[in-house]
Amino acid sequence: MAEEIISGQLEEQEFSINMGPQHPSTHGVLRMVLKLKGETVKEVKPQLGYIHRGIEKMTEKLTYPQIIHLTDRLDYLSAHILNEAVCLTVENAIEVEVPERVKYIRTIMDELNRIASHQLWWCAFGMDLGALTSFFYGLRDREKILDIFEESCGARLLVSYNVPGGLMNDIHPNFQKRVKEFITYFRKKLPEYDALLTGNPIMQERTKGVGMLTKEQAIAYGVTGPSGRGSGFSCDVRKHQPYSAYSKVDFKEILYPEGDTFARYKVRIDEMWESMKIIEQLIDNIPEGDYTAKMKAVIKLPVGEYYQRVEAARGEFGVYVVSDGNKTPYRMKFRSPNFSNLSAINLMASGQKIADLVAIGGSMDFVIPDMDR
Amino acid sequence: MKEEDFKDNETLELFKKEGGNVLLSTVDALINWGRSNSIWPLTFATSCCGIEMMAAGASRHDFARFGIEVYRASPRQADVIVVAGTITNKMAPVLKRLYDQMADPKYVIAMGACAISGGPFFYNSYHVIKGVDHVIPVDVYIPGCPPRPEALLYGVMQLQRKIKLDTIGKKKAPAVDF
Amino acid sequence: MEKEKLKDIIQSMISDVEILTDKQFLEVTVRTDQVLKMAELLKNSSETSFDYLFCESAVDFNDHFMMVYHLDSTKFRHQIVLKTKIADRENPVVDSVCAVWIGAEYHEREIFDLFGIRFNNHPDLRKIFLDNDWVGFPLRKDYTDPINIVER
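Protein chains in written order, with this note's numbering: chain A, 21 to 393; chain B, 221 to 398; chain C, 1117 to 1268.
Rather than coming from a laboratory, the hints here were simulated on the basis of the structure.
C-beta atoms are modelled at their ideal positions from N, C-alpha and C, and glycine is treated no differently.
Derived CB-CB ranges, DEER-like:
#1 B:370 with A:198: 19 to 27 angstroms
#2 B:285 with A:29: 51 to 59 angstroms
#3 B:321 with A:174: 37 to 45 angstroms
Next comes chain A alone, as it looks inside the complex (with noise of 0.2 angstroms):
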């Protein structure tokens, strides 16, 4: 089986094997059949589609609304800014203007989110390399953000919250203390990461120089997000396209050029620190006011194609409406970022131990289901 996938003859002294869709470290269903010698690698191909579940061709037959429950099931780690990616295609394409209330809501439960994400990226990061610590310690605190979720939103970890036209509840009135709560433990929890896992040297040599892709190779193949700022890629759809209430906002893209493991690791614990900034700038502003617009009871886009893109945590996402004006869309594509993020996968492995491959994957952030939609 793993023989016809592999290209070329098999020289002496080589193999090919399944890392395959059950295994601890692939962070879900990824199937990679690799050709080793010995313990390097020397070709990695990715199998995908063991969690393809046709979401593009059931949009086809929902209404917009019931299509947000779907794109929460994508990448599932950034649930709320899925749904916003949705919602603003919608709110463009019909030209209604959400209110101002709205869009500072959004954007403080959009980094709130993405600091969830990325501490749970650092939990797996760790278990990956061996630290066991980590996935306690970086659990601990994300619970304190689903805590803030459950009590505006409802649910924990797949909320719908964001619907066309606004918000499908106004925040909870505990929503500013607690969040400000958080973000005094948060501080004080965050050097703890650094000397756990940052300063520590079998980490550091396990990473640096590891899993190299330059800036022109991040380009041409997409890779966005934190892994192609990691390259000095700077590719964030916050700053040079903004949406909701991120004009307003004073922040930094955090850009290092190296391309290893390493730099694409430093640039996540960075971001947390950044979030937390716009959060602070944001949340005792928030303007009284509707927390929806009037929408009609049917949403009917006008014929013609949307496209529009919001930064997921793990890169740029992309939402492509085809309408005919019905109140099901003719065709929706999802631009993933984990789809463009794996095809490079084989040029930074190739040469390397097993090992590597595993840190490369773990620092990449894969999400499986989002790559497979």
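Here the structure of chain A is known, so what remains is to put chains B and C in place on it, guided by the hints.
Relative to the frame of chain A, chains B and C by itself:
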């Protein structure tokens, strides 16, 4: 939890009524006590429910205190497979192969709406299996999308109750007419 | 760069193209045999410099297919949409743009898998999501599967 607090379980009441052999009952009780308090699961999480399973294993809702001490990566060493996430047409043969490789006694927990019946992907999808019990026999179903970690703990406690009713004298089939 | 100036530059590259300026991005429609040449000119010209392909997709209108390429430039930060119409529904073929933007490799495999459009000169054209013995192309409008799909 006290016995009378489990309120929703006609199957277990049926099993209890069918009774067991008096001679083997102490041996049974000892073996079942050992098995139910140390169920080791297989690492198998396909999508979103996997994150709630990880959260159930973390420090707030710790499930190591129920005996689920470690996750085994190899199916030969695992007791239970918690199917957390959607199963597609391409993944079904892999799941069947993993289930066949596990050693008896083995149990299956179907976690989440996708594993019970296809979930949100029941209508209009061409590649989703509408429920994992089309592939392998299931012992406990945990509804939710995704179920809270406390719901997973309740499901594990139900499984522990079910294991305590097993007997080594007469092997009960996990599902009556599969 | 504004749309009018971009339109003039592109018109000077290849003359018989249709350009629309009133949509969200500037839309350029070319013939199927001009796609690869247009892609190379758009990427290599120093005035446009479209080096980042951020989305490649296909749409099934019932009598023809439409390939849609969304391009961005990291130098000038302008975006453009390149489209081409494939009229032959029985045997749809178009040139692959992998030689220009290598990131198109996975996108084109997905379109081959789900629509059935073949790409010339693709480095590794095979199915990506579905099994090798899957019959039919699911994202086409005339795909029906009475056994697996529960209609609603």
